[in-house]
Amino acid sequence: MIVMENVVKTYGQFQALTDISLSVGAGEKIVLCGPSGSGKSTLIRCINHLETYQRGRILVGGIQLGDDQKAIDAVRREVGMVFQQFNLFPHLTVLQNCTLAPMRVRGLARQEAEAVAKRLLDRVRVLDQAEKYPAQLSGGQQQRVAIARALCMGPRVMLFDEPTSALDPEMVKEVLDTMISLAEDGMTMICVTHEMGFARQVADRVVFMASGSIVEESPPAEFFKNPRHQRTRRFLGEILGGH
1 MIVMENVVKT YGQFQALTDI SLSVGAGEKI VLCGPSGSGK STLIRCINHL
51 ETYQRGRILV GGIQLGDDQK AIDAVRREVG MVFQQFNLFP HLTVLQNCTL
101 APMRVRGLAR QEAEAVAKRL LDRVRVLDQA EKYPAQLSGG QQQRVAIARA
151 LCMGPRVMLF DEPTSALDPE MVKEVLDTMI SLAEDGMTMI CVTHEMGFAR
201 QVADRVVFMA SGSIVEESPP AEFFKNPRHQ RTRRFLGEIL GGH
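Every letter in the sequence shown is one number past the one before it in our numbering, and letter 191, counting from 1, is 191.
Mixed in with the good hints, there may be bad ones.
As the list claims (entries may be wrong) - Here are the simulated DSSO-like cross-link-like pairs (lysine-lysine), alpha carbons at most 27 Å apart as the crow flies: (1) K132 with K118; (2) K173 with K132; (3) K70 with K132; (4) K225 with K173.
No lab work stands behind these hints, which were simulated from the structure alone.
Make a model of the complete structure from these sequences and hints.
Quick look at the structure:
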């Protein structure tokens, strides 16, 4: 579904990604973890061209991402993204947030777009909030609306960029439960997260990054029990507190 080959991303003199090669199969769940500033968010933002890259190549569903706007648009139609901050339109209701892109981009009639949106809002358990505005919702509810909004486009891939890091602790579980349910349905997912319990439960592979490079990747059981690199062991020691 996703192929990254020797991808290099720089900001001026700073190299954010160094020779990143990663393949993600259809239905595979990948968790990206690593210290702050290791390039995790930059990596997933390159997958839907929110960031451009200087060298290497990225293919999503067989479409190569480059400067061709048609290819970029085609990829973005297939890739949903959920951000750390919820990025909902504050002047639109929950339902309007969810129907805007399907109507404008996919050309759905309002009635059809609303039917899809209501089904997905029900799925993430916020259908009763459909006529409210984002500011009237809790952080956990807003993030679940953001997930529903991304799903309304019928994506083949979902990218999550630290979706729980802006939430109060008691709201984290409701968002993770929604993501677990998506994973169980076979959605292809790449998640940047520090929620190691989620990684253990859901990931097919855990990818550890540091200083813009992939240091190691392995199935969760191996990653947590037998990390190969000193840098990974140090990170896990810090994040798990020795547990």
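A quick look at each hint next to the structure:
1. K132 with K118: holds (13 Å)
2. K173 with K132: holds (22 Å)
3. K70 with K132: violated (35 Å)
4. K225 with K173: holds (24 Å)
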